[in-house]
Amino acid sequence: MDIAVLVKQVPDTYSERKLKEGDWTLDREAADAVIDEIDSKGVELALQLTDSHGGQVTVVTMGPARATETLRKALAMGAHKAVHITDEAFAGSDAMQTSAALAAALRPLGVDLIITGNESTDGRTASMPAMLAERLGLPAVTSVVSVEIEGASLRAERVVEGGAAKVSAPLPAVISVNEKIGEPRYPNFKGIMAAKSKPVSTLSAADLGLDPAGLGLANAYCQVVAGAERPHKSAGEKISDDGSGGNLVAQYLVAQRLI
Amino acid sequence: MSDIAEVIVLVEHADGKLKKLTTELLAAAAAIGSPSAVVVGELGSAAALSDQLAEAGAAKIYAAESAGSANQLLTPQVAALAAAAAAAGSPAAILLAATFDGREIAGRLAIRLDSGLLADAVAIAERDGRVVATQSVFGGAYTTEYVVTHGIPVISVRGNAIEGAAPAVSGPAVVALQVSVDPAITPTVTEWLPEAVGDRPELGGAKVVVSGGRGVGSADNFHVVEELADVLGGAVGASRAAVDSGYYPHQFQVGQTGTTVSPQLYIALGISGAIQHRAGMQTSKTIIAVNKDADAPIFEVADFGVVGDLFAVAPQLAAAAKARKN
Ligand SMILES: Cc1cc2nc3c(=O)[nH]c(=O)nc-3n(C[C@H](O)[C@H](O)[C@H](O)COP(=O)(O)OP(=O)(O)OC[C@H]3O[C@@H](n4cnc5c(N)ncnc54)[C@H](O)[C@@H]3O)c2cc1C
Ligand SMILES: Nc1ncnc2c1ncn2[C@@H]1O[C@H](COP(=O)(O)O)[C@@H](O)[C@H]1O
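Which chain is which? The protein sequence lines are A and B, in order.
Each residue of the first sequence is one higher than the one before, counting from 1 in my numbering.
Each residue of the second sequence is one higher than the one before, counting from 1 in my numbering.
The reader is advised that the hints may include incorrect statements.
Some chain A residues close to chain B (C-beta under 7 Å, calculated; not the full set) [as the list claims (entries may be wrong)]:
1) Leu19
2) Pro139
3) Ala165
4) Tyr186
These are computed hints drawn from the structure, not numbers from a lab.
Just so it is clear, the structure is predicted and the values come from calculations on it, not from any experiment.
C-beta: ideal position from N, C-alpha, C; glycine also.
Work out the full structure: start from the sequences and follow the hints.
This is the structure we're talking about:
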């Protein structure tokens, strides 16, 4: 079975992430750019499924030129080929526009399964898998912690707020992975070397047949009207426990009228 | 005035009861228009909920009922909201819960209605005839306000963020919706695996949260965290390291990829305070940290920090708090 995995390059959550004052879009210079951890878990799942069922894994990203680093990372893990959707005209796209471009790139791939993260660490809309499923006319099974393929259908366990459920759906389908699905493999030296010669195709808005009148920040379906940075919280009192630490916390809470 | 625009709210319910978040959504809806509640469920579910919905301020109820809809995953909700939007003419907005399910429904719906989507709003207001949604970005480091400029705003709203209540309504009109679901795009639930519901307050809305990290050391030791939480009437939380080590169930994870909490009091026991943990708790009113390592980053956001062993400090605090209560 052939699988497409969506991978997004995001600012490293270990660093201080920033928005740009004014248009309040992501400040890509402020933090290191990395593959979103959740998407490396999607790549891992795809590799496990193709290991047991055969087929190829194509990783797909939409992002600026440097997002190729993220594709190379996924190729080094073992993905077979990559698609990079990139165009100056895409800058400032919102989820509606991004989903249109991703769907246009996914349609001709004709894969049996599309895997995404359940929530990106920067956008956090957790809507992309459903948007793609709707555009492509497919079922969406989101936030899964395990998946099995049985002929032309999939069985999965999904975990969301309030509980879990066992679910089945026909293939082709879109699934999104939950962070509890397990740890991704690390690329080894051989994988990193092999990734350098794996095919990466680059697609522009024109290649995807997208109407230029609908692209970019100016044509987004939502617009920012205001933004503000919250003042940093500063550290308060810090004591070393000399045997009365718990009692001192209690006194502090009494003074704050919290107990 | 009859020309106040409808604001469509997707109702979350279980066992014939409204979820608290639905009352919050109705309150948000009442502030910008006339709340219309969409009930998706088995036959008879709208009637069972109508008194509660009236009390919570729903001026109109759209009922999308069908046998077996409970095991069809989320496409009945999408179809019902689309039908309600068509019936309402030009609603001011469609509001859903910012849960995984709510955001999935919102994504499909936005495409179906060719409309702008805003996720995880913490406030909603009407300004100059436009619906403005406030979002809290990077764990509260930034606040942004957005408007939808295309179609009907589809907005998911964070739990425990909206305060106040909508005025009660008497005898809301009930409108039945005809909804059809395409089986080709609809997953089927074969088994529900509900979470055990404990006696403690719900994590996202608790006034006090006591969280344990890897420093707690084992699942057994977590009773130290639970005992302090119980004395304070609080919820128990955990860091990702504690969850991934199997000390505590995943639904209690606080942080970037867990629940965002903003209680009056947050107590971190044996948690280093990684940036992704802080993203889920740094807007708490008062933060107390107990950690053996004086350089742990959690102290940077703590109002009161104790460098020490949590197994000494937490029980002593619990005993002092208990003595004060009695
Ligand atoms: C994409 C992404 C998302 C993430 N999301 C989350 C998230 O949602 N939530 C989250 O929590 N983390 C998240 N993390 C993980 C985060 O980076 C940290 O790994 C995690 O928060 C560490 O948990 P901890 O503080 O319990 O463990 P550690 O960092 O190992 O800290 C344990 C602390 O306990 C102290 N300690 C040990 N014994 C004692 C004792 N007896 N008494 C007192 N103190 C003691 C130690 O000094 C240490 O500071 C995420 C990471 C990534 C990459
Ligand atoms: N620009 C993008 N390129 C590739 N994948 C994306 C992009 N945006 C979102 N995704 C995928 O959609 C998932 C959910 O993202 P989101 O809806 O932003 O929370 C991510 O984990 C990715 O797998």
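| Taking the closest Cβ pair, is Ala165 (chain A) under 7 Å from chain B? | Constraint on Ala165 (chain A) satisfied, holds at 5 Å.
| query | Given Pro139 (chain A) was flagged as interface, is its beta-carbon under 7 Å from a beta-carbon of chain B? | reply | holds, 5 Å
| query | Does the interface hint hold: is Leu19 (chain A) within less than 7 Å of chain B, judged Cβ to Cβ? | reply | holds, 5 Å
| task | Under 7 Å, Cβ to Cβ, is where Tyr186 (chain A) needs to be relative to chain B, so tell me if that hint holds or is violated. | result | violated, 17 Å
Consistency with the previously given hints fails for number 4 only.
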